[in-house]
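J.: Now for the letters of each chain:
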Amino acid sequence: MAINAARNDLASGGIFVAFGAYFVLEAMTYEFGTPLRMGPGFMPVVLGAILVLLGIAVIFKAFARPEEEARRPVPWRGIVLVLGTIVFFAATIRGLGFIPVVLVTAFASAMASRNNRWLSAAIIAAGLCVLCLAVFVVGLGLIVPLVGPWLRF
Amino acid sequence: MDLISSLGLGFSVALDPINILYCFIGVLLGTLVGVLPGIGPTATIAMLLPITFSLPAETALIMLAGIYYGAQYGGSTTAILINLPGESSAAVTAIDGYQMARNGRAGPALATAALGSFFAGTVATFLLAAFAPPLARAALSFGAPEYFSLIVLGLLVSIALAHGSVLKALAMIVLGLLLGMVGQDIYTGTPRFTFGLRELFGGLNFVSVAVGVFGIAEILRNLEDETERDVGIRKVTNLWLTREDFRRIVWPVLRGTGLGAVLGVLPGGGHVLSAFASYSAEKRLSKTPREFGKGMIEGVAGPESANNAAAQTSFIPLMTLGIPAHPVMALMIGAFILQGITPGPNVINQQPALFWGIIASMWVGNVLLVVLNLPLIGLWVRMLSIPYRVLFPAIVVFAAIGTFSINQNIYDVYAIAFFGIVGYALIRFGCEPAPLLLGFVLGPLLEEHLRRAMIISRGDPSVFVTRPISATLLALALLAVVIAVLPSIRRKREEVFVEED
Amino acid sequence: MRKTISTLLAVALAAGAAFSAHGAAAQDYPAQPITIIVPFSAGGPTDTVTRLVAQAMSEDLGQQIVVQNVGGAGGTLGAAQAATAAADGYTLLLHHIGMSTAPALYQSLPYDPQTDFAPIGLVTEVPMTIVARRDFEPETLEDLLAHIRENGENITYANAGVGAASQLCGMLLMDALDTRMTEVPYQGTGPAMTDLLGGQIDMMCDQTTNTTTQIQAGEIKAYAVTTPERIDALPDVPTAAEGGLENFELAIWHGLYAPVGTDPAIVERLSASLQTALATETVAQSFADLGTAPVPADQATPDALAEKLATQTELWAEVVAAAGVTPQ
Chain X
-14 MAINAARNDL ASGGIFVAFG AYFVLEAMTY EFGTPLRMGP GFMPVVLGAI
36 LVLLGIAVIF KAFARPEEEA RRPVPWRGIV LVLGTIVFFA ATIRGLGFIP
86 VVLVTAFASA MASRNNRWLS AAIIAAGLCV LCLAVFVVGL GLIVPLVGPW
136 LRF
Chain Z
1381 MDLISSLGLG FSVALDPINI LYCFIGVLLG TLVGVLPGIG PTATIAMLLP
1431 ITFSLPAETA LIMLAGIYYG AQYGGSTTAI LINLPGESSA AVTAIDGYQM
1481 ARNGRAGPAL ATAALGSFFA GTVATFLLAA FAPPLARAAL SFGAPEYFSL
1531 IVLGLLVSIA LAHGSVLKAL AMIVLGLLLG MVGQDIYTGT PRFTFGLREL
1581 FGGLNFVSVA VGVFGIAEIL RNLEDETERD VGIRKVTNLW LTREDFRRIV
1631 WPVLRGTGLG AVLGVLPGGG HVLSAFASYS AEKRLSKTPR EFGKGMIEGV
1681 AGPESANNAA AQTSFIPLMT LGIPAHPVMA LMIGAFILQG ITPGPNVINQ
1731 QPALFWGIIA SMWVGNVLLV VLNLPLIGLW VRMLSIPYRV LFPAIVVFAA
1781 IGTFSINQNI YDVYAIAFFG IVGYALIRFG CEPAPLLLGF VLGPLLEEHL
1831 RRAMIISRGD PSVFVTRPIS ATLLALALLA VVIAVLPSIR RKREEVFVEE
1881 D
Chain W
5 MRKTISTLLA VALAAGAAFS AHGAAAQDYP AQPITIIVPF SAGGPTDTVT
55 RLVAQAMSED LGQQIVVQNV GGAGGTLGAA QAATAAADGY TLLLHHIGMS
105 TAPALYQSLP YDPQTDFAPI GLVTEVPMTI VARRDFEPET LEDLLAHIRE
155 NGENITYANA GVGAASQLCG MLLMDALDTR MTEVPYQGTG PAMTDLLGGQ
205 IDMMCDQTTN TTTQIQAGEI KAYAVTTPER IDALPDVPTA AEGGLENFEL
255 AIWHGLYAPV GTDPAIVERL SASLQTALAT ETVAQSFADL GTAPVPADQA
305 TPDALAEKLA TQTELWAEVV AAAGVTPQ
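Chains X, Z and W supply the protein sequences, listed in that same order.
For reference, each letter of the first sequence is one residue, going -14 to 138 in this note's numbering.
For reference, each letter of the second sequence is one residue, going 1381 to 1881 in this note's numbering.
For reference, each letter of the third sequence is one residue, going 5 to 332 in this note's numbering.
Hint data in this document are derived by calculation from the structure and do not stem from the laboratory.
Misleading hints may appear alongside valid ones.
What the hints assert, rightly or not - Here are a few chain Z residues that sit away from chain X, every Cβ distance over 10 Å (derived from the structure):
| hint | residue |
| --- | --- |
| 1 | Leu1603 |
| 2 | Asp1605 |
| 3 | Phe1626 |
| 4 | Val1751 |
| 5 | Val1770 |
Unchecked claim - Reference excerpt, derived from the structure (chain Z facing chain X, CB under 7 Å, subset only):
| hint | residue |
| --- | --- |
| 6 | Met1427 |
| 7 | Ile1431 |
| 8 | Ala1551 |
| 9 | Val1554 |
| 10 | Leu1558 |
| 11 | Thr1568 |
| 12 | Ile1786 |
| 13 | Ile1790 |
| 14 | Leu1806 |
| 15 | Gly1810 |
Glycine is no exception: its CB is placed at the ideal position from the N, C-alpha and C atoms.
My request is simple: use the sequences and hints to build the entire structure.
T.: Dropping the structure here:
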């Protein structure tokens, strides 16, 4: 029957156990304290342990019932492009500056949709860049270089 | 001075044409900026604050109050339309509001939010005018043990947020509590779970977590199978509420207003609980609790009213004692001081025109909000007809810029990506994001109040049951658990095979 | 299609370059808006002080000044950002006493407060007040000191977290009395004041910016101010020395800094502008409402700030070490 266990429960239970374990292990290095003066480790250790137990309970329930739904496709392209562009944005906004970063971010995330082609993504990027400039830089006075130090000669 | 003449004085200030004009501009700007993804009310107000500096004191504060309501409503709009809450209460609105939008009922959802907020705002403004000083005094009797018990009650009651597995909802709450502990421990200064990054000493930013687990996770879900989404959006049928809708929202609005008005007075975390508490109450009282999370209008009406009532009554500690109840109120204090007014117990006596003028303008602001936003609903709903392939890159870009602009902290932006993937995975595996956000905002408060209560009581845990308010709250919490568990045990026996969890 | 993209990109870059091009020369300074970083969240006392001064300086310089809040990690994040900003006079930092305590409270700071900044001038020194809940038994500072010596850890002392003014004052007080009280940390001054007003805790020592209105309204009891002279806003409250607490002086001083390497002519211009701003009636009046006052013109200078920073850094290194606080 184990093969038939609900995959969703197994996976989410596993995530909970992993997070709980991380918090417990990390918090063990902090001072635990006494009831009068609870240390910084007290709550994370207790709550982390509860999370591990809850995760185990979720996993346990997984075996009590069979797989119920068909698997949905994993949007690899979306995951890579959307999350990638967010990371790219964070890493380069100070260095490259607002205009190049917004253009690249908008273009790449638009490409995450199979319905967008190069041209449409480029148009979306250009449009968004103008819109964001108007809203954030002109309208709200966001303080950020338009073209960052990495691109100045 | 009696209430009538005080309010008369207040309205003579608030109804000055110039003040009405600025209040309107404030509401408009607040709505427009608050609607941007990744920018919640706090950020909106911080950004728009400087506009008010050059105005005379009353006008500036009236405009600021306008910005506040506008920002609040704008945040709910984003939550309903694109599942992207900018603050914790909007996370509750997003649960059913977004589903309504997906069912083609974005119009009624937005109208409900506007009407519920208006009603709640009106009632709360009256409460503020009539009972501010005694209410503020009563709130002061809440110490650390009381707040701890209140938060425990809030957490236990909020398990009702889940429309799927209760076990997973509990786990999500606990995960949220733990994530809330990232950052420097306020008691010892020890940095926790920060990977040695000082940028994380202040903890994770709420907006990063919310944008990640709601907004980005939703985008990834829609990218799973793109044909489905475009088919899935149903034709927008009507913009306005039906007679049936009106009948359904009356009680949720009334209950939400009551709950929110009471909780909002408590400066140590009451405001945060109001929307969650109202949602839980509506779900418990509903004849069809299983429909919650699938687009129930009650799930929008209750929390939105509760939130707005709380937003209003949270001015009580500020105006009568000079104590900020939450970050927005702290900003307000700054604005007051810049206008040469130090908020404190004396404002009501020394500057009656200002005090009552602001209160009256709150009501005027609520009126303007409705007047402005009901016509705008058509515009917002039309936003949904933008092709998704254009809309979602815009959400990603706006969310990144918006989050970055709050503190100019690039780790806030990295956190969006992290919570996007974690949130997407958990949602895919059948968990829900709202309990996680609740845990996230309450985690630090829970720990703070527990530890403080123990320090002040010198390690004696009996304070929680010997102090009457705290004991009552804990008894209610116990009752909530019993009520929640009993029927499900009974049902389990009956429905062993049908039970979906 | 690629051509379209590259054309678009080129146009955008050109536009951006045109926008961002500016001369950093001292003679036409300031040619663009100036940013002052406040390393705390908006609405706090430091933020308020900054906005008041920024408004007045902006009028003098004829240029917009934007206040940017970069809060977190006891002010060290904002300071770090200012330290690495371009030294062109368009990014400044307004920080309080935390500038001098950070080296003692934080490990591996990415900047050195004394060598990575060009001081511009002191702004204000906010006095501290020793206060207690309304029904706390001691009537005078002498009573209070005796009460603390006698009851020690049975007294709860509120502070607003690591590195906050209230924590520093508590450390100094316990150091002076050679006794310990039970410290109860809060997330900022607001919640601490709430619990003091509600009588949940016994006492606190905090800036007049936070306590003056409450004292005037009789909501809390004030025992002393920590300055050599009594202050105008609270004429009935004795100084610490009058009440029998010798050598107990503490003020939360605020200073304005530029990143090191800023053109001395620009620093000079900013310092002059700061002095002009501090001399205006509006700033004096607003500061008085907060229970503080602008520093005299001879203090709003680079030299005065540099000296203050040096002596205070030394003092707090000792006090923090004596209090047994380990840097994080």
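J.: Each of the hints needs a verdict: does it hold here or not?
T.: Now for the hints, and whether the structure bears them out:
no. : hint    : in the structure
1   : Leu1603 : 3 Å, violated
2   : Asp1605 : 6 Å, violated
3   : Phe1626 : 36 Å, holds
4   : Val1751 : 23 Å, holds
5   : Val1770 : 6 Å, violated
6   : Met1427 : 5 Å, holds
7   : Ile1431 : 10 Å, violated
8   : Ala1551 : 4 Å, holds
9   : Val1554 : 5 Å, holds
10  : Leu1558 : 5 Å, holds
11  : Thr1568 : 5 Å, holds
12  : Ile1786 : 10 Å, violated
13  : Ile1790 : 4 Å, holds
14  : Leu1806 : 6 Å, holds
15  : Gly1810 : 4 Å, holds
This entry does not satisfy hints 1, 2, 5, 7 and 12, going by the numbered hints stated previously.
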